[in-house]
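J.: Sequences are here, hints too, so could you generate the full structure?
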Amino acid sequence: MKDFSLVRDSKSTRFPHDFVKELEKRLQGILIGRETRQEYKEPVTKRSFAIFLNTLSDPSFKKRMEADRRVEDLVLIFFSNATKELQKGKPPGDDGVKRLVDRHVALFVRLLSSILKEKGWNQDKPELATRLATLEKKLLKHDEDLTSQNGTSSLVEEVVPLTYEVRDMPLVQVVGRVFGMRNTALQSDVDKYKSQWTEKAALQDLKTYQTHLNTGSKRTLTADDFDTADAFEAWKKSEAPDLSQMMLAIIQVNPELAKVTAQGTLPQFNAQAGESAADKAYTDMSRALSNEQSSSYVLDLPDLNGLSLMENGEDDSKQPDLLYTFIPADPRAMYRFIMLTVLNFDLNDKTTAEDGTASSNQIFSKQSAEFLNEVALRWRIPKFSRIVIFLDVIREKYLAQDLSLDMLDAAFNYVKDPPEEDPKNKRASIIMSAPAYFARNNWTVQDFAQMRKLLADAELQRLGAIMTVIDDHIREDPSFSESKEGFEQFKQSASQGLENSARDIYQQLLEKQLPTEPEQWEFFHVQELAKAVLKLCEKIQKRFKRNPEILSINPLMLLMGVILPAFAEDSKALVESVLKAAQDKNLEIGIQDGFDLYKELSDFRRVHGDALPRVAFPYKIEELLADFVWRWIHATEQQVLGWVENAVNQDNFKVRTQEAGQVPTEDQRHSVSVIDIFRSFNQVIEQIAALNWDDDLTYAKFMTSVSKALGNGIVRYCELVDTQFTKEMDRLTPEQEAAASMTRQEKWMQMAKDTWNNAARVEPFNFYPESFVKLNNISFAISHWDKLEQEINVDACADVIKQYNPPAINKPRKTTNYVFTIKIVEAEDLKACDVSGFSDPYVVLADEYQKRLSKTRIIYRNLNPRWDESVDISTQGPLNLIATIWDWDAVGDHDYVGRTSLKLDPAHFSDFLPREYWLDLDTQGRLLVRVSMEGERDDIQFYFGKAFRTLQRTQRDMTRKITDKLSAYIQECLSKRALRALLSKPISVQSVSAYFQRNRPAPASNVPSEGEIINALRPLFNYFDDNFAIMNQTLTSDAMLAVMTRLWKEVLGTIESLLVPPLSDKPSAQKPLSQQELDVVFKWLQSLFDFFHAVDEDSGEANGVPMNVLKNPKYHEINTLNFFYFETTENLVRTSERMASATAANAAHNRQRLSAPAQLGHGSGFGGGLTPKSIAGTRRAKSIMVSRNLGTMRKAKEEKWKAAQAEPSDDMILRILRMRSEASGYLRDRSRQKERLAAAAAAEAIVRMSLMSDGRGGRMTGPSVIRR
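Using UniProt numbering, the first residue of the sequence shown is number 1, and each one after it goes up by one.
Treat each hint with caution, since some may be false.
[What the hints assert, rightly or not] No more than 25 angstroms apart at the CA atoms, straight line, and that leaves these computed lysine to any residue pairs for SDA-like:
id: 1; residue 1: K727; residue 2: F765
id: 2; residue 1: K125; residue 2: E72
id: 3; residue 1: K976; residue 2: I1118
id: 4; residue 1: K416; residue 2: K453
id: 5; residue 1: K787; residue 2: R716
id: 6; residue 1: K237; residue 2: K125
id: 7; residue 1: K531; residue 2: A611
id: 8; residue 1: K21; residue 2: A129
id: 9; residue 1: K851; residue 2: V835
id: 10; residue 1: K1066; residue 2: D1211
id: 11; residue 1: K137; residue 2: D95
[What the hints assert, rightly or not] Derived DEER-like restraints, expressed as beta-carbon distance ranges:
id: 12; residue 1: K117; residue 2: V190; range: 44 to 54 angstroms
id: 13; residue 1: R47; residue 2: D191; range: 27 to 37 angstroms
id: 14; residue 1: D242; residue 2: R47; range: 40 to 50 angstroms
id: 15; residue 1: Q924; residue 2: N1015; range: 50 to 60 angstroms
id: 16; residue 1: I882; residue 2: D596; range: 25 to 35 angstroms
If you're looking for bench data, these hints aren't it; they were derived computationally from the structure. Heads up, the beta-carbon is just placed ideally off N, CA and C, and yes, glycines get one too.
T.: Rendered as structure tokens:
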């Protein structure tokens, strides 16, 4: 069946479709006598075929045969059925039954071949037909004549004649191939010595050997050669049957030899029943050796169960005469030589691999194994001696690296568990049974000693799977004894060998990965070499994953201990060589190449650190490759402004809805420009973070430089967006455009008409959705800039720089760039430029070269405007600042109001404390500005704070521009004219008489009801609703809240101006309100509070501005007016003095505290000169460093509110006193007192700051930079 199973293409040996049907028809024909061939007509044959037909008729069996279509299945099933049928009534082991079964199987195969021929299928299946014919011939060999006409069949035996031809001697041909002799030379030796190499000589050798064995001479093994007498007797007893069988086999070949007298009688031959002696002799000596089917490579190694003969028998050496014809004087040594020669031949013979059954782990071919076994039998080499000799030869070949480790393992496994003995080929294996290997007590002393020696002398060239051989076959062997010194020597030798091998492998990697010429080296080669080294380590790690340590040796650690430091040293030299070559050629290596190399080397360094924690990496990779990062950062700095400008130019500032008219979600209310910008910013940060830079100081410097570039991009984005936003908000309304085309007379007529129709509805401003999207973008930028600050971990970066680069002791930081923050607060007593008696003022800041630096918003119809707008001005030295106030006119040129100037000298602001200045205008009135300075420094917190403050200021300015469009109507609805209109009644006699009776209280009917008070604000509420509806369609919830918060501040400011004049040291012409007017104003305030809070009547949930935002310090200050508004002047003065004393005491207490700088009470001074508010606190609240993110600003705001609530302020009392002419003297004295306190506080702060300047940098024990 092997002829079929070994075919590579299994389809070529499958029988055709419909073959089973034809076979069934032919079988039926045989049973009914329709078959014409004589060999199918015997009753016994029909009986075997009938049994198979019954099996074939089974539907499931037939279906399986038709599906598989394998001939071997049909033959095997027929063989099984025929064996069962013919065995009935016969004793077990009857050879006649076996021959008859072979005959019937041959007939079945012949039937299959005939079906193929009759149907013409043999043309399509030539290989199947050929193999069927071959199988039939093999079955018919030595069998009966199947076509015999008589009823009985006679046995036809093929007799192989005995000749002296080499071609008829398979084993002689094996000898010739092994020793490299031609057949002619072999034939010549046979012809020359055939008279000596006779059956008689062979028989005489056996008889002589038997005689010496029986007499106990030293010419064979004796009891002295064994450790115990029982072992000798067991061996001697096993020799007698083999000798008898061999001698009788020779006699059967040449019966004449039976007449030859010998020293001892010949034992009787014990042949098997039913088998002749001649057949037995033929089978053992000739037939089995000539079987070509057994000539494939196998791992049938010598029967090593009994290996342990001495290499030189001491008695044999004393007998120089040759006793034997065929047995050599030293059979053991000669047998080892022959085995070694045969093994060399089989290992070098390329033709042995052509057999399909060969295995890569097979050592001897079957022919070689048969030859060695025949020699061992003839020379009487014991089985255990064969084992020892075999293992000794295997050891020698393995140490010479001629055998693989798998073959070594297979050799040991074979001697422990040899294959089952083939009854037809008893010479196929040189090892007959495994017990001979394990029964060491039956070995000779020489075999046992040699076994111990070969196990102890095993020298290992490499570890790995070989340790399996050592543990399973050597260390567990009972003959192996392990010494501590030997183990240490082995360990040292193995470790040294592994280290040498690692060096050789690394050298091979260098030669493979690096070009021969150093000029051709590139970063790519260094990367590939690093990858190759790490890949080799991973490979070894996987190989020894289950057993990382073998005999206390860790191959992986030995390998990494050699090649990792070697590459670490070489990599520095390689990188420096590549950089120097590029520098000499005036070339720049690609930035990405540097990044890739750093990533590869940093990964290698990580592996180096994990594997060899006690071995420091020889150099800093960052120092070699930092220049690539700086180049990339500088290139990014040049591109950031371009990214911002392109994003703004390509943006239409539309909400990102999918369909027109769709209500946008929160995420859709900002445009693509701000998304693109921050996507680019995040990619920049991720690019550096992805490097995993392993130097905190350099990484912090990288982030500082990147933050500066990104901050400049944010500032530029704010400039571009604010410019477009201002242009959209400052456009003329349709009414203003119409007024521009009017003549002067038409303007006067329109003004009179507007004055008469003062109750006309004011239409809401037509805001562009694009304007709101721009405000949304700024809000988006604020939140994402804050997230970016957290992801970079700005504070940690700053702490690292301070830790590694602490400021020099007693050396002030040298600053060349300064940032002045100019806040235009308010103006007083401005010149009226309009016919209405008011002005629409705005301020323009310019330098001494008339370069415009900033412009405030327009405050309509106000001679005491309050702007509260800030601008940052960078300078490297003194700068003269000119502030010009203009009156805005819708038509024609703007009118000049006044001008003033201020010198910004960094030396004057070297204490970095804020200062307030009342600057007198050249016409009339004055302007209040607040100036603070910070030194621009290379600090990541400063850059983030500067950009963040720019975003906040832009958002505040844009929000204020929106609320300014609504403030005019707010001032109109919350004005004194509206208040008087609400309280006035039609003229009647009663009203006239009441006019003359001033001392009588007004009748209750003159007091408006609560409904009338609220209805007076109804137009304002409707105006708010109309504008809020427009805003709510586009603004995000945060931007909407910011607008409403700012609008609430406008409302509070308008109500405050209605109640009291601004703070000043001069009396005011403003008249106080009456009690009724005051009550109405506070009811308006409460109504507006409820409107902005927007509490749902059903759920009670507030949907508007949060309560904590509405109840800001200004709201509480206005509420305090209820307690002091109608107090007498004397009481107000006393209360103010009491608060001033408390403030002075608090300031004195603060000056005594060493843990904090002195602070002044809350409130701004008034009058000319320096009036700083709470010096240290103001600096902290207004500095760029404190305003660098949302968290610091929120904290500063909370501290400001707490300070405002903690210290009593008499500002509102002083503002009430401005409306009392008799209090002018006190106002002047109180102003001077505040100036003195402010000056003392400023001097104290300067001294305190100079004493603490050493520690201004703060603590320098910050954590390492936490990367994203």
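J.: Run every hint past the structure and note whether it holds.
T.: Tested hints:
1. K727 - F765: Holds: K727 and F765 sit about 15 angstroms apart, inside 25 angstroms.
2. K125 - E72: holds (15 angstroms)
3. K976 - I1118: Since the Cα atoms of K976 and I1118 sit roughly 17 angstroms apart, the hinted pair holds (cutoff 25 angstroms).
4. K416 - K453: holds (19 angstroms)
5. K787 - R716: holds (20 angstroms)
6. K237 - K125: Violated - the C-alpha atoms of K125 and K237 are around 57 angstroms apart, more than 25 angstroms.
7. K531 - A611: holds (16 angstroms)
8. K21 - A129: Given pair K21, A129 holds - Cα atoms ~18 angstroms apart, limit 25 angstroms.
9. K851 - V835: Roughly 32 angstroms between the alpha carbons, so the hint for K851 and V835 is violated.
10. K1066 - D1211: holds (14 angstroms)
11. K137 - D95: holds (19 angstroms)
12. K117 - V190: 44 to 54 angstroms: This hint holds: roughly 46 angstroms between Cβ atoms.
13. R47 - D191: 27 to 37 angstroms: violated (55 angstroms)
14. D242 - R47: 40 to 50 angstroms: The hinted range 40 to 50 angstroms holds for D242 and R47, with Cβ atoms some 44 angstroms apart.
15. Q924 - N1015: 50 to 60 angstroms: Violated - the Cβ-Cβ distance for Q924 and N1015, about 41 angstroms, lies outside 50 to 60 angstroms.
16. I882 - D596: 25 to 35 angstroms: violated (56 angstroms)
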